[in-house]
Amino acid sequence: MNLTELVTDPYNRRARLQPALLALLPVGIVALIFFPGLESKAATLIGVAAYFGGATWLTQVGRARGKRLETKLFQSWGGMPSISMLRHRDKRLNKLTKERYHNFLSTHIQNIDLPSSEEELNDPETADEVYASANDWLLQATRDRESAKLIFEENMNYGFRRNFWALRPMALLVDLVLAAVVIVLTVPLQSSPFSIIELNTATLVALAVIVVHILVVLGATKKWVLAAAEAYARQLLFACDVHNDKSIKG
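For the sequence shown, counting from 1, position 45 maps to 118 in the numbering used here; every step adds exactly one.
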């Protein structure tokens with residue numbers, strides 16, 4: 074993946090690049106607070122770093138960690154939402170809506186019949202394999218970004234949240250190290266470590282930026298990621314209701 078694809082492709086930009094940049098955002102802001110003269114050189118520095126692989130490296134770190142931890146997320150949620158929502162015992166979809174989705178998938182996918190509630194209860198693992206196969210078919214049938222815009226949009230939202238959540242440890246470490254550097258370099262040695270009054274305006278603003286960023290990072294929880302995953306799953310499964318439209322082929 075080259076720099077042009079990273080910046081111009083909507084999915085790469087939102088789901089891969091933006092989470093990594095958000096994780097490191099305080100570094101750039103704090104640098105500009107203490108060294109305002111860097112503003113005129115910032116574009117050049119960023120351009121050089123991106124050209125030599127900095128942007129690509131950032132996205133690879135976030136994506137690799139996100140994909141690695143995704144399995145644990147699914148386990149903690151009881152399965153991939155777009156699969157688990159097809160289970161008869163899952164209550165997140167209306168019973169009649171789910172029945173309609175089952176009928177559509179059984180009709181349009183060759184050599185597959187979605188299990189009844191009794192079959193699912195007797196053999197949940199086999200049932201999940203059938204749901205996973207139906208999910209794979211649905212993913213391929215809605216691959217076109219133009220005809221499945223809402224699905225693509227929710228997929229990007231989920232990718233952003235998953236990758237940013239995966240970068241939480243790195244982001245928090247950056248914040249703590251950055252806060253320590255700011256305090257060590259700007260607070261006079263004779264000052265009391267608890268005396269906020271003695272801190273200058275730049276230091277206070279920098280620390281405020283770091284605190285706000287820490288709160289943002291802490292807000293990136295599994296539940297926050299799950300909300301996006303469920304929204305994506307609902308939109309994907311909704312394609313079963315618009316099968317006469319060009320958004321799905323089967």
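Treat the hints as calculated values from the structure; they're not laboratory data.
Hints are supplied without guarantee of correctness; some may be wrong.
In silico DSS-like pairs for lysine-lysine, Cα to Cα no more than 25 angstroms straight-line [to be verified]:
id	residue 1	residue 2
1	K295	K145
2	K295	K164
3	K145	K164
4	K296	K171
5	K145	K296
6	K296	K140
7	K222	K145
Restraint ranges, calculated between C-beta atoms of paired labels, are given here [what the hints assert, rightly or not]:
id	residue 1	residue 2	range
8	P197	L277	53 to 63 angstroms
9	E191	L246	21 to 31 angstroms
10	F147	E191	17 to 27 angstroms
No residue lacks a Cβ here, since even glycine has one placed at the ideal position from N, Cα and C.
These are the hints, each one checked on the structure:
Under the criterion of a C-alpha separation no larger than 25 angstroms, the hint pairing K295 with K145 is consistent with the structure, at around 10 angstroms. Proposed proximity of K295 and K164 is supported: the alpha carbons are some 20 angstroms apart, at most 25 angstroms. For the hint pairing K145 with K164, the CA-to-CA distance comes to about 22 angstroms; that is within 25 angstroms, so the pair holds. For the hint pairing K296 with K171, the CA-to-CA distance comes to about 24 angstroms; that is within 25 angstroms, so the pair holds.
Using a Cα cut-off of 25 angstroms, the hinted pair K145 and K296 holds, with the two alpha carbons roughly 13 angstroms apart. Among the hinted pairs, K296 with K140 is consistent with the structure: their alpha-carbon atoms are about 17 angstroms apart, no more than 25 angstroms. With a C-alpha separation of about 28 angstroms, the suggested pairing of K222 with K145 is violated against the 25 angstroms cut-off. Distance hint for P197 and L277: a CB-CB separation of about 56 angstroms, consistent with the stated range 53 to 63 angstroms.
With their beta carbons about 51 angstroms apart, E191 and L246 fall outside the hinted range of 21 to 31 angstroms. Against the hinted window of 17 to 27 angstroms, the Cβ-Cβ separation of F147 and E191 comes to about 25 angstroms, which satisfies the hint.
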